[in-house]
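S.K.: So you can see what is in the structure, the chains are spelled out below.
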Amino acid sequence: MYNTKKMKFWKSVNLVLLLVGALFMIAPLFWMVSISLKSLEEIYQGGFNFIPENIQFSNYAAVFEIIPFFTYFVNTSMITVLVVLGNVFVNAFIAYGFAKIQFKGRETLFIIVLSTMMLPGFITLIPQYVIYANLGLVNTYYPLVLPAFLGSAFNIFLLRQFFKGVPNSMIEAAKMEGANHFYIFFKIALPMVKPALFTVAIFSFNGVWNDFLGPLLYLNDESLYTLQLGLQVFKEQSSTQWHYLMAGSLMVLFPVIVLFFIFQKYFITGSNILGQTEEK
Amino acid sequence: MKKIFFLVFLSTVILGACGGFTTGDSDTSSDSGGSEGAEAQDEKIVLDFWTFWGSEQRRPVIDQIITDFNESQDEIEVRHTYTPWGDIWTKNLAAIAAGDPPDVIINDIMTVKLRAEEGQIEPITEYVDEEVTGRFYDQMMDASTHEDEVYALPFNTDTQILFYNKDLFEEAGLDPEQPPETWEELDEYAGQLDVQEGDTYERIGFYPLIGAGTDVWILNALGENYLQEDGEVLVDTEPVHEAFNWILDSQEKYGQSQITSVNSQFENAQQDPFMAGDVAMMVQNANYYVQLRDFTEDLNFGVAPIPEREPGNGNTSWGGGFVAEVPMGASNPEASYEFIEYLTNYDAQLYWAEQNFDLVAHEEAGVSATESGEFTDAGREVYTQMIENMDNTLLTPQPVIAPDYAGTANPIFESIVSGNTDVESGLENAQSELEQLVEDNR
Chain A
1 MYNTKKMKFW
11 KSVNLVLLLV
21 GALFMIAPLF
31 WMVSISLKSL
41 EEIYQGGFNF
51 IPENIQFSNY
61 AAVFEIIPFF
71 TYFVNTSMIT
81 VLVVLGNVFV
91 NAFIAYGFAK
101 IQFKGRETLF
111 IIVLSTMMLP
121 GFITLIPQYV
131 IYANLGLVNT
141 YYPLVLPAFL
151 GSAFNIFLLR
161 QFFKGVPNSM
171 IEAAKMEGAN
181 HFYIFFKIAL
191 PMVKPALFTV
201 AIFSFNGVWN
211 DFLGPLLYLN
221 DESLYTLQLG
231 LQVFKEQSST
241 QWHYLMAGSL
251 MVLFPVIVLF
261 FIFQKYFITG
271 SNILGQTEEK
Chain B
1 MKKIFFLVFL
11 STVILGACGG
21 FTTGDSDTSS
31 DSGGSEGAEA
41 QDEKIVLDFW
51 TFWGSEQRRP
61 VIDQIITDFN
71 ESQDEIEVRH
81 TYTPWGDIWT
91 KNLAAIAAGD
101 PPDVIINDIM
111 TVKLRAEEGQ
121 IEPITEYVDE
131 EVTGRFYDQM
141 MDASTHEDEV
151 YALPFNTDTQ
161 ILFYNKDLFE
171 EAGLDPEQPP
181 ETWEELDEYA
191 GQLDVQEGDT
201 YERIGFYPLI
211 GAGTDVWILN
221 ALGENYLQED
231 GEVLVDTEPV
241 HEAFNWILDS
251 QEKYGQSQIT
261 SVNSQFENAQ
271 QDPFMAGDVA
281 MMVQNANYYV
291 QLRDFTEDLN
301 FGVAPIPERE
311 PGNGNTSWGG
321 GFVAEVPMGA
331 SNPEASYEFI
341 EYLTNYDAQL
351 YWAEQNFDLV
361 AHEEAGVSAT
371 ESGEFTDAGR
381 EVYTQMIENM
391 DNTLLTPQPV
401 IAPDYAGTAN
411 PIFESIVSGN
421 TDVESGLENA
431 QSELEQLVED
441 NR
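Chains as they are written, first to last, in the UniProt record's numbering: chain A, 1 to 280; chain B, 1 to 442.
Honestly, the hints are just simulated from the structure, not real lab data.
We put the CB at the ideal spot given by N, CA and C, even for glycine.
Just so you know, not all the hints are guaranteed correct.
[What the hints assert, rightly or not] Computed list of lysine to aspartate or glutamate pairs in EDC-like fashion (alpha-carbon distance at most 16 angstroms, straight line):
#1 B/K166 - B/D194
#2 A/K235 - B/E56
#3 A/K235 - B/D87
[As the list claims (entries may be wrong)] Selected chain A positions facing chain B (Cβ under 10 angstroms, derived; list incomplete):
#4 E41
#5 I43
#6 M78
#7 Y129
#8 V138
#9 L144
#10 V145
#11 P147
#12 Y218
#13 Y225
#14 G230
#15 Y244
#16 I257
#17 V258
#18 L259
[To be verified] Negatives, chain A to chain B, calculated, CB over 10 angstroms:
#19 R106
#20 S115
#21 F157
#22 M176
#23 H181
#24 G207
#25 S249
#26 I262
Here chain A stands alone, though its shape is the one from the complex (with noise of 0.2 angstroms):
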């Protein structure tokens, strides 16, 4: 039935039409790369030259002596860390509780939870502000992570989903043994819905290491700056110096390769499932 020869001749387009797809993926990755081993002026010189004339690896070094790497990286970590295991526990046992138990008025208050993810985060910008001033806890991290502990309607719809899939009998005679909901929510629950968890914590992970917005506004002290606010530097007015930027964008992209390539498999489940949720 199979025509071998056939199928050999289709895998290999397959292949190069892949190889094709991932030359333009990662050709701005080499480009970059190019640019922080060249100097300004070959820069400015232009050419497209991918192998820089010479190879300047002193941009590196400079990053770290223009601007204060080392504490910016620990500040952005901090961050992350915080907002991650905020954004995956909390939004958990919200969810848990919209999936797993009754109460009076549950569907009005989802759909209240649900109705919040209609605010565009623009409009409630400034309100927020005017909060976190008035609470004093402007130039904190405060404002940057409390809200991952407040529960975001989206990450609740999504565990919430996976939490429905979880069988009824498996609680119920969970329960005949003696547990109480937050055993079942920690033993039973949540790892049942592990790749949904790791989802929301990779997602929540590249939006708050990648956030510009948040850190620009309420930090007002650079010592508590985060890497994303001190690229900036090298962006000025009437000129930027691409080498220092490309070199440290590079550096701030690396932590998010490296979890890429151990989470693999969890990060192309967390597509799908968003995909999925989506269409929904």
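Add chain B to chain A, keeping to what the hints say.
M.R.: For chain B alone, kept in the frame of chain A given last:
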């Protein structure tokens, strides 16, 4: 698994305790009120000063000026916060709305009147005296004043001038000390400087929209802005028609695609056709000299005023700049003013001019900089040209009557340049749309 999470959590909490999660320390006190700041700092008033100067070039210069100020007296201590270019003003707006602004900020001179109208700046009229207002170029002081109240002091400015490649002039048989003075001469010289290979140009002698925009040429043609402060619109006028026809003639010569390719090289700012000798003349912000100085070794270039539309019309150029101002709600405007006054005094301005090769708002300091030992001969020549060009330089502060007039006009101008609209109907349309805009806002 649980242990790992616990460890991660614990370590972040410990890290968190180090900074970022502590509220109300002395660093934040200047935001929440001058008096608290004063207590924390041995009775000193602490001022929070926001700028977008964070580069290795500019930061040390502004930091030095701040240090000098802090050492010059013992009542005020200024602290500098770098905030990213452009976004600094978003942040400022949020801070003003929350009643928690910085004490001094560097802001755009074009929009001072708008911010004054919106109540975003503290007026400083009561502190300013004639010696201070007399320091600056008149057009800059005008832009910092709204309805007889002074809202800011000018800090720096810029101006557009003609850059030309002297070696290419010589090569083409032109006198490198005789740059073109009129549009007609520009065209003539360009013809001699062009290098044509078949249908394409290897070198562009001159195309008006390389470096400069249509707005510069409209200003140059009219000798004034096409939207006056009182709302009068001057778009559908003979000089503006002439400007567009002239631009389109030049475009026809070189061809749309060639121009697009050259301009895209400038836009991505990753290569520079003027440095590479592919463009022989262009109108640019005079600060462009710094790039020529730093990134070319022996480019032999000259500078000149923007050529005039016809003899006697004037070499009108366009400028912008920045001011130092006190955001509305700042805790101690008088102390803020004291610092602003220092920032714009002769010494600080001369220091800024010399270290950054930047055109300062202080007229006398600028003149002194033309003889600065910090500059090379070429640097002094360009700086002198910049200073002389200030006589021709107009600022176009956004008028309160139609702040976003450019947003209405520019798409129409673009459509004329890209050939989608003809000059006649395009300018007629722009004229009526702008008149309508002014009418609506009255």
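S.K.: Each of the hints needs a verdict: does it hold here or not?
M.R.: So, going through the hints one by one against the coordinates:
Between B/K166 and B/D194 the alpha-carbon distance is near 14 angstroms, which keeps this suggested pair within the 16 angstroms criterion. With a CA separation close to 11 angstroms, the supplied pair A/K235 and B/E56 stays within the 16 angstroms bound. Distance check on the hinted pair: A/K235 and B/D87 sit about 12 angstroms apart at the alpha-carbon level, within 16 angstroms; holds. A distance limit of 10 angstroms between C-beta atoms decides the matter here; for A/E41 the minimum to chain B is near 5 angstroms, and the interface restraint holds.
Evaluation of the A/I43 hint against chain B yields a held restraint, the C-beta minimum of about 6 angstroms falling below 10 angstroms. Nearest Cβ of chain B to the Cβ of A/M78: about 5 angstroms, under the 10 angstroms cut. The hint holds. Interface restraint check for A/Y129: the shortest CB-CB distance to chain B comes to about 5 angstroms, inside 10 angstroms, so the restraint holds. Annotation: interface hint on A/V138 holds; nearest CB of chain B at approximately 6 angstroms, less than 10 angstroms.
With its C-beta approaching chain B no nearer than about 9 angstroms, A/L144 sits inside the 10 angstroms limit, and its interface hint holds. The closest approach between the C-beta of A/V145 and any C-beta of chain B is roughly 8 angstroms, which is under the 10 angstroms cut-off, so the hint is satisfied. The beta carbon of A/P147 is not positioned within 10 angstroms of any beta carbon in chain B (closest approach about 15 angstroms), and the interface hint is therefore violated. Taking 10 angstroms as the C-beta cut-off, the interface hint given for A/Y218 holds, the closest approach to chain B being about 9 angstroms.
Interface restraint check for A/Y225: the shortest CB-CB distance to chain B comes to about 8 angstroms, inside 10 angstroms, so the restraint holds. Taken as an interface hint, A/G230 checks out: its beta carbon lies about 9 angstroms from the nearest beta carbon of chain B, inside 10 angstroms. With a cut of 10 angstroms, the hint placing A/Y244 at the interface with chain B holds, because the nearest CB-to-CB distance is about 9 angstroms. Given hint, A/I257 at the interface with chain B, is violated; its Cβ is 21 angstroms from that chain's nearest Cβ, farther than 10 angstroms.
This hint is violated: A/V258 has a C-beta 17 angstroms from the nearest C-beta of chain B, more than the 10 angstroms allowed. Given hint, A/L259 at the interface with chain B, is violated; its Cβ is 14 angstroms from that chain's nearest Cβ, farther than 10 angstroms. Residue placement check: A/R106 keeps its beta carbon more than 10 angstroms from all beta carbons of chain B (closest about 29 angstroms). No Cβ of chain B approaches the Cβ of A/S115 within 10 angstroms, the least distance being about 25 angstroms, so the stated non-interface status holds.
Every C-beta of chain B lies more than 10 angstroms from that of A/F157, the closest at about 24 angstroms, which supports listing it as non-interface. Every CB of chain B is more than 10 angstroms from the CB of A/M176 (nearest about 25 angstroms), matching its label as outside the interface. For A/H181, the requirement that its beta carbon stay farther than 10 angstroms from each beta carbon of chain B is met, with the minimum near 18 angstroms. Listed as a non-interface residue, A/G207 keeps its Cβ farther than 10 angstroms from every Cβ of chain B; the least gap is roughly 18 angstroms.
For A/S249, the condition that its CB be more than 10 angstroms from all CB atoms of chain B holds, with the nearest at approximately 14 angstroms. Listed as a non-interface residue, A/I262 keeps its Cβ farther than 10 angstroms from every Cβ of chain B; the least gap is roughly 14 angstroms.
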